[in-house]
Amino acid sequence: MLRVMLQKLWHKKWMVLCLLLGSMLLVATVVSFPLYRNAAFDRMLTDEFTNHLAETGEWPARNEMVTISKKDKGGKAISRMEEMLNGLCGNLGVNEKEKIYYYLIDKKRATSTMKRNDVGEILLRIGYLSGLPEHAKMSYGEMYSDKGISEDGAFEVVVSQTTMVSANMLIGETLEFDSFKDKNGNQIRVKVVGVFEEADRSDFYWQVKPDEMDGICLMNENVFRDYFIGEHAEKYTITATYFSLFEYEDIRAKQTDKISEYTTWLKEESPFRSTMKNLDYKDIIDSFEKKQDRIQATLFILQIPVLILLCAFLFMISGQMYDMERNEISVMKSRGGSSGQMFRLYLYQSIFLTMLGVCVGLPLGTVFCRILGSAQNFLEFNITRELAIEFTPDVWGYVIGVICASVAIMTLPALKHSRLTIVKLKQSNALRRKSLWEKLFLDVICLGVAIYGFYNFSKNSQALVEDVLQGKSLDPLLYISSSLFIMGMGLLFLRLQPLLVKLVYGIGRGLWKPASYASFTEIIKNGRKQQFIMLFMILTISLGMYHATVARTILQNAKDNAEYLVPVDIMIKEQWLDNSGSVSSTSGTSTKKEYSEPDFGKYSKMQGVDSYTKVINDTKATVSVSKDKANCTLMGIHTREFGEITYLPEGLQEQHYYEYLNKLAAEPKGVLVSRNFQSLHGLKVGDSVDFKDADDNAFTGKIVDFIDYWPGYVPATVELDAEGNVVKKDQLLIIANIAALQQKWGLTPYEVWISLENPAETDGVYQWIEEQDVHVKKFTDKDSELGKVEEDPLLQGTNGVLTMGFIVTIILCGVGYLIYWIMSIRSREMLFGVLRACGMHKGELFHMLINEQIFSGVLSIFAAIGIGSVTSKMFVPMIQTAYAASNQVLPMQLITNQQDMVRLYGVVAGVMALCLLVLIVLVFKLNVTKALKLGEE
Amino acid sequence: MENNNIIEIKQVNRIFPTAGGDFQALKDINAGIPKGVLTILKGRSGSGKTTLLNIVGALDRPSSGEVLIQGKNICKLSDTEREKLRRTSIGFVFQSVSLIPTMNAFQNVEFSMRLAGIKEGRKQRVEECLKMVGLGNRVNHMPSEMSGGEQQRVAIARAIAPRPAILLADEPTAELDSAMAAEVTKLFQEMTKTENVTIIMTTHDTGLMDAGDMVIELENGVQVTSE
Numbered sequence: 000m001l002r003v004m005l006q007k008l009w010h011k012k013w014m015v016l017c018l019l020l021g022s023m024l025l026v027a028t029v030v031s032f033p034l035y036r037n038a039a040f041d042r043m044l045t046d047e048f049t050n051h052l053a054e055t056g057e058w059p060a061r062n063e064m065v066t067i068s069k070k071d072k073g074g075k076a077i078s079r080m081e082e083m084l085n086g087l088c089g090n091l092g093v094n095e096k097e098k099i100y101y102y103l104i105d106k107k108r109a110t111s112t113m114k115r116n117d118v119g120e121i122l123l124r125i126g127y128l129s130g131l132p133e134h135a136k137m138s139y140g141e142m143y144s145d146k147g148i149s150e151d152g153a154f155e156v157v158v159s160q161t162t163m164v165s166a167n168m169l170i171g172e173t174l175e176f177d178s179f180k181d182k183n184g185n186q187i188r189v190k191v192v193g194v195f196e197e198a199d200r201s202d203f204y205w206q207v208k209p210d211e212m213d214g215i216c217l218m219n220e221n222v223f224r225d226y227f228i229g230e231h232a233e234k235y236t237i238t239a240t241y242f243s244l245f246e247y248e249d250i251r252a253k254q255t256d257k258i259s260e261y262t263t264w265l266k267e268e269s270p271f272r273s274t275m276k277n278l279d280y281k282d283i284i285d286s287f288e289k290k291q292d293r294i295q296a297t298l299f300i301l302q303i304p305v306l307i308l309l310c311a312f313l314f315m316i317s318g319q320m321y322d323m324e325r326n327e328i329s330v331m332k333s334r335g336g337s338s339g340q341m342f343r344l345y346l347y348q349s350i351f352l353t354m355l356g357v358c359v360g361l362p363l364g365t366v367f368c369r370i371l372g373s374a375q376n377f378l379e380f381n382i383t384r385e386l387a388i389e390f391t392p393d394v395w396g397y398v399i400g401v402i403c404a405s406v407a408i409m410t411l412p413a414l415k416h417s418r419l420t421i422v423k424l425k426q427s428n429a430l431r432r433k434s435l436w437e438k439l440f441l442d443v444i445c446l447g448v449a450i451y452g453f454y455n456f457s458k459n460s461q462a463l464v465e466d467v468l469q470g471k472s473l474d475p476l477l478y479i480s481s482s483l484f485i486m487g488m489g490l491l492f493l494r495l496q497p498l499l500v501k502l503v504y505g506i507g508r509g510l511w512k513p514a515s516y517a518s519f520t521e522i523i524k525n526g527r528k529q530q531f532i533m534l535f536m537i538l539t540i541s542l543g544m545y546h547a548t549v550a551r552t553i554l555q556n557a558k559d560n561a562e563y564l565v566p567v568d569i570m571i572k573e574q575w576l577d578n579s580g581s582v583s584s585t586s587g588t589s590t591k592k593e594y595s596e597p598d599f600g601k602y603s604k605m606q607g608v609d610s611y612t613k614v615i616n617d618t619k620a621t622v623s624v625s626k627d628k629a630n631c632t633l634m635g636i637h638t639r640e641f642g643e644i645t646y647l648p649e650g651l652q653e654q655h656y657y658e659y660l661n662k663l664a665a666e667p668k669g670v671l672v673s674r675n676f677q678s679l680h681g682l683k684v685g686d687s688v689d690f691k692d693a694d695d696n697a698f699t700g701k702i703v704d705f706i707d708y709w710p711g712y713v714p715a716t717v718e719l720d721a722e723g724n725v726v727k728k729d730q731l732l733i734i735a736n737i738a739a740l741q742q743k744w745g746l747t748p749y750e751v752w753i754s755l756e757n758p759a760e761t762d763g764v765y766q767w768i769e770e771q772d773v774h775v776k777k778f779t780d781k782d783s784e785l786g787k788v789e790e791d792p793l794l795q796g797t798n799g800v801l802t803m804g805f806i807v808t809i810i811l812c813g814v815g816y817l818i819y820w821i822m823s824i825r826s827r828e829m830l831f832g833v834l835r836a837c838g839m840h841k842g843e844l845f846h847m848l849i850n851e852q853i854f855s856g857v858l859s860i861f862a863a864i865g866i867g868s869v870t871s872k873m874f875v876p877m878i879q880t881a882y883a884a885s886n887q888v889l890p891m892q893l894i895t896n897q898q899d900m901v902r903l904y905g906v907v908a909g910v911m912a913l914c915l916l917v918l919i920v921l922v923f924k925l926n927v928t929k930a931l932k933l934g935e936e
Numbered sequence: 000m001e002n003n004n005i006i007e008i009k010q011v012n013r014i015f016p017t018a019g020g021d022f023q024a025l026k027d028i029n030a031g032i033p034k035g036v037l038t039i040l041k042g043r044s045g046s047g048k049t050t051l052l053n054i055v056g057a058l059d060r061p062s063s064g065e066v067l068i069q070g071k072n073i074c075k076l077s078d079t080e081r082e083k084l085r086r087t088s089i090g091f092v093f094q095s096v097s098l099i100p101t102m103n104a105f106q107n108v109e110f111s112m113r114l115a116g117i118k119e120g121r122k123q124r125v126e127e128c129l130k131m132v133g134l135g136n137r138v139n140h141m142p143s144e145m146s147g148g149e150q151q152r153v154a155i156a157r158a159i160a161p162r163p164a165i166l167l168a169d170e171p172t173a174e175l176d177s178a179m180a181a182e183v184t185k186l187f188q189e190m191t192k193t194e195n196v197t198i199i200m201t202t203h204d205t206g207l208m209d210a211g212d213m214v215i216e217l218e219n220g221v222q223v224t225s226e
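Residue numbers (numbering that gives the first Met the number 0), protein chains in the order written: chain A, 0 to 936; chain B, 0 to 226.
Fair warning: there could be bad hints in the mix.
[Claimed, not checked] If you want the ones that stay clear, here's a sample from chain A, every Cβ over 10 Å from chain B, calculated:
| hint | residue |
| --- | --- |
| 1 | W9 |
| 2 | E197 |
| 3 | E268 |
| 4 | R369 |
| 5 | S595 |
| 6 | E596 |
| 7 | G600 |
[Stated by the list, open to error] Straight-line Cα separation of at most 27 Å, DSS-like style, residue types lysine-lysine; simulated pairs:
| hint | chain 1 | residue 1 | chain 2 | residue 2 |
| --- | --- | --- | --- | --- |
| 8 | B | K122 | A | K501 |
| 9 | B | K34 | A | K501 |
| 10 | A | K501 | A | K528 |
Because the hints were derived from the structure by calculation, they are not lab data. Because the structure is a prediction, the values reported are computed rather than measured. Think of the CB as a built atom: it goes at the ideal place given N, C-alpha and C, for glycine as much as any other residue.
When you get a sec, could you build the whole thing from the sequences and use the hints?
Structure representation (structure tokens):
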């Protein structure tokens with residue numbers, strides 16, 4: 000049987016190659032999904048942790064527990080905590096980074112044994128911090144010894160600088176606690192042997208900073224345990240704090256479930272629940288999981304059309320192959336071959352081809368995955384960060400699934416054919432039936448569902464925004480309705496196409512040349528055979544156009560929005576020193592805050608800087624409107640410099656951006672205010688508005704105009720309240736002249752907005768910050784903000800999936816159409832021979848075939864282009880809402896990249912040209928006598 | 000005598016180059032066929048009958064020698080001229096069914112007239128021809144709805160419709176039963192009279208020999224008899 004099969008395959012090597020291509024692409028596409036998903040999620044999770052670290056400066060993967068042990072017989076509370084801590088990382092399934100114990104006995108009164116008259120009694124706590132000798136360096140004196148007890152029997156302790164100062168201690172001094180006794184009933188004495196500080200300030204070991212350890216004396220661990228923990232614990236009140244830090248970079252996305260589950264248990268049900276403090280990582284993981292679910296669902300749904308096309312391709316090619324073998328099969332059947340035998344033959348063949356497909360498809364899948372991970376834009380790739388690709392068990396699950404699917408699809412058409420005998424074949428040849436979809440009105444159904452989806456979502460776009468905010472996974476219908484629309488329109492076209500052909504034929508009846516006449520009868524009578532490939536073409540091109548528009552629109556809008564929100568290349572807010580520290584707040588009189596301005600001249604020394612301007616950007620200002628006080632954002636700008644450095648897309652507002660700046664410039668006390676002052680508070684141009692900055696400096700400005708958009712301004716934010724309802728919050732904005740504000744208020748902290756010669760070259764800025772020792776309070780780098788947009792797994796994944804889908808469908812469409820044509824011509828060779836013998840020349844044969852191509856292929860292409868652009872116009876805004884709901888400020892713009900369309904049409908034209916070439920070759924090679932089996936003898 | 004012959008075959012040789020050396024399919028064939036006769040081209044499989052028919056029908060060219068049709072050497076004509084000749088003066092009937100599957104009987108027959116550029120009186124002529132082959136009542140049937148014999152008769156009607164001077168039939172009866180074969184042959188005989196067409200028909204069926212006005216017998220590419 001194997002030999003029969005291989006022989007059969009060899010005879011149809013082109014078909015076999017197509018099947019291989021199909022199953023290869025199917026495997027690669029399916030496998031690339033979990034590969035990319037896993038890798039991208041791992042990367043995203045790490046990013047979330049890293050962002051948290053960058054924003055807060057705190058190690059995000061941290062458990063903190065605090066317990067107070069009081070009159071605890073045998074010290075069970077502490078030993079239980081220690082036991083739990085030891086197993087914590089193991090239970091969470093993470094790698095431990097650092098485990099810190101910090102034990103403190105409650106405050107006790109102590110006096111110096113040196114009988115100094117400059118100090119009286121002081122309150123001190125003794126305790127120990129695990130790992131201290133390894134992480135601290137001594138500023139004065141030395142670390143406690145290994146023995147931990149001095150020769151005169153006092154505990155050796157080290158203290159922080161803060162304690163040293165506040166308790167006015169001396170190194171080498173011994174202090175005695177009056178009512179604090181050790182296990183033997185002796186009075187406890189401590190000897191201060193040194194003052195410590197952090198060996199490395201960036202070391203996350205320092206969860207409790209030495210500055211915060213006021214009045215604390217740290218001693219040797221063994222001595223502490225020996226004296227105060229265990230059987231002696233009963234006599235003391237000990238505050239035990241534990242920090243368990245773990246490596247967040249090692250955490251894989253698939254672990255989050257377990258971590259989250261265990262943490263929830265710890266926090267809510269475990270015996271330790273009351274001890275659990277800061278669990279930042281839980282919030283990070285929760286928000287990650289929410290995003291993950293959404294991304295996973297979105298990417299999967301986006302892949303569905305491509306997967307369907309791939310399956311359809313396999314189905315079509317295998318169907319075509321079996322069609323060619325119909326005669327063979329029916330003859331074999333009629334000679335006694337059983338259906339089972341036939342079926343097995345095809346089953347083995349499918350398995351064989353699928354396995355070959357898997358061999359190539361798996362490596363190809365990893366390539367696809369890399370491409371997905373480097374997608375920068377639609378059809379644009381740039382590898383910035385490699386993804387860690389790993390074949391995990393769930394990936395193998397997908398592999399097995401796709402193998403089964405591929406085998407089933409390839410074998411399915413055989414099931415029909417294996418029952419065929421030569422008699423049935425002849426009978427079925429004579430029958431011409433309506434296609435199933437025509438009878439089921441599948442086109443109408445698809446269109447109905449799609450249009451329902453369209454109206455439903457475009458009416459309830461607010462609900463969509465809420466769902467996105469609440470992290471709900473979106474209704475698949477949102478994504479599928481566009482595909483259904485394309486499908487429905489495609490089928491509808493197929494229903495109408497024969498009528499169109501008949502119409503054209505009817506119009507020119509009697510005038511048609513024999514070739515046209517022959518081709519029309521062919522299309523009218525045999526057109527049904529072509530429906531599949533025509534639908535395939537339509538789906539490919541329309542989906543390609545639609546996906547290109549979706550990808551471009553989503554990314555471009557996200558980028559435009561990011562550019563709007565971060566209107567200049569660099570924004571730096573320096574740390575301003577003020578007099579608040581030295582001005583006593585207890586005196587009761589509120590003193591005006593006075594600032595000292597950091598050196599502004601240093602900005603001229605920044606490398607690669609183009610220009611820069613001062614901007615007061617106070618988000619905590621208040622404004623009095625209609626007797627109420629409302630929060631608002633205050634911007635103080637230098638109009639000319641601000642205008643030069645920032646940019647606002649044209650056409651957003653009634654007047655040009657510069658017109659507004661000019662109005663403000665003309666009126667020193669004037670202010671531009673956001674439109675909601677007008678709509679919510681009924682103010683008009685010329686009204687005055689009172690506002691105060693965060694330091695309560697007041698100013699009265701005259702409204703010169705209202706603005707809808709302003710660089711960086713978000714008119715309204717949508718957020719969730721405590722109950723999870725979506726709340727829209729209007730944001731007020733006031734823009735004033737910086738000179739007027741400073742004249743009234745004196746020196747006011749400002750940000751510096753900087754434009755660079757090359758916006759992507761920010762290295763110079765970082766270097767400058769380092770060199771000039773700039774104390775940065777807030778720093779925004781537009782380039783990295785845009786980078787974040789590009790690397791956002793949802794956007795990148797969408798781009799990647801759509802691009803890969805586009806490439807795959809283009810390949811399929813090209814190969815499919817070509818194969819279909821070759822087969823169609825081959826199967827009609829004999830007919831062409833007859834026509835040639837009747838005196839038709841080759842030119843007429845061309846004419847005939849080209850005519851057929853026009854009414855099937857070319858017509859489909861035009862229909863597809865129409866369907867594609869209608870679909871884009873209808874459905875892209877909907878999809879865009881789903882992607883950019885929360886912080887989209889600018890109105891959505893439909894982005895169609897001409898280059899994409901040129902590429903798409905180019906490929907289609909290429910395929911058509913290739914078809915034409917094949918046609919020419921086949922027609923010229925056509926040997927009349929051979930075609931008619933004349934002279935064969 | 001020569002001038003009365005519509006077809007004149009002179010010293011025709013046809014050599015096919017094959018892997019194992021040249022194969023001489025036809026050797027020095029000579030024949031003159033007068034107008035309006037039914038000629039049977041007889042011989043076993045591989046004797047070269049179809050090769051000769053192809054050459055006469057301007058589908059193939061002889062390696063040497065010439066074929067004159069109505070006094071014109073068709074071997075020297077260009078491809079376009081040969082196509083024109085096939086369209087207007089020669090009708091073909093092939094062994095295997097060769098109708099255009101997407102056209103019904105009427106359209107199939109009419110199509111050959113379209114190809115020949117006949118614009119007037121097509122409908123009448125098609126009906127006449129279909130009636131002639133006994134299928135006047137099956138005008139609108141598709142090829143797939145007819146039996147082999149019926150299809151072959153439509154093919155004959157198609158070949159005869161543009162009123163060719165010559166009708167070439169390659170084993171037209173091979174796939175038919177003997178009664179049907181006799182009927183087709185009889186049809187050819189009638190046509191030589193009613194249509195004044197010259198017919199060459201190849202066959203390996205010895206039972207049909209008597210039907211012809213003339214018999215040319217080939218054996219391994221060599222002419223055996225010519226009556």
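Results of checking the hints against the structure:
1. Residue-level check passed: W9 of chain A sits 21 Å from the nearest beta carbon of chain B, beyond 10 Å.
2. No Cβ of chain B approaches the Cβ of E197 of chain A within 10 Å, the least distance being about 90 Å, so the stated non-interface status holds.
3. Residue placement check: E268 of chain A keeps its beta carbon more than 10 Å from all beta carbons of chain B (closest about 76 Å).
4. Residue-level check passed: R369 of chain A sits 50 Å from the nearest beta carbon of chain B, beyond 10 Å.
5. Residue placement check: S595 of chain A keeps its beta carbon more than 10 Å from all beta carbons of chain B (closest about 93 Å).
6. Even its closest Cβ contact with chain B, about 90 Å, leaves E596 of chain A beyond 10 Å, as expected for a residue assigned away from the interface.
7. The claim that G600 of chain A lies off the interface holds: its Cβ sits roughly 88 Å from the closest Cβ of chain B, which is beyond the 10 Å cut-off.
8. For a cut-off of 27 Å, the pair hint linking K122 of chain B to K501 of chain A stands: about 21 Å separates their Cα positions.
9. With a CA separation close to 44 Å, the supplied pair K34 of chain B and K501 of chain A exceeds the 27 Å bound.
10. For a cut-off of 27 Å, the pair hint linking K501 of chain A to K528 of chain A stands: about 16 Å separates their Cα positions.
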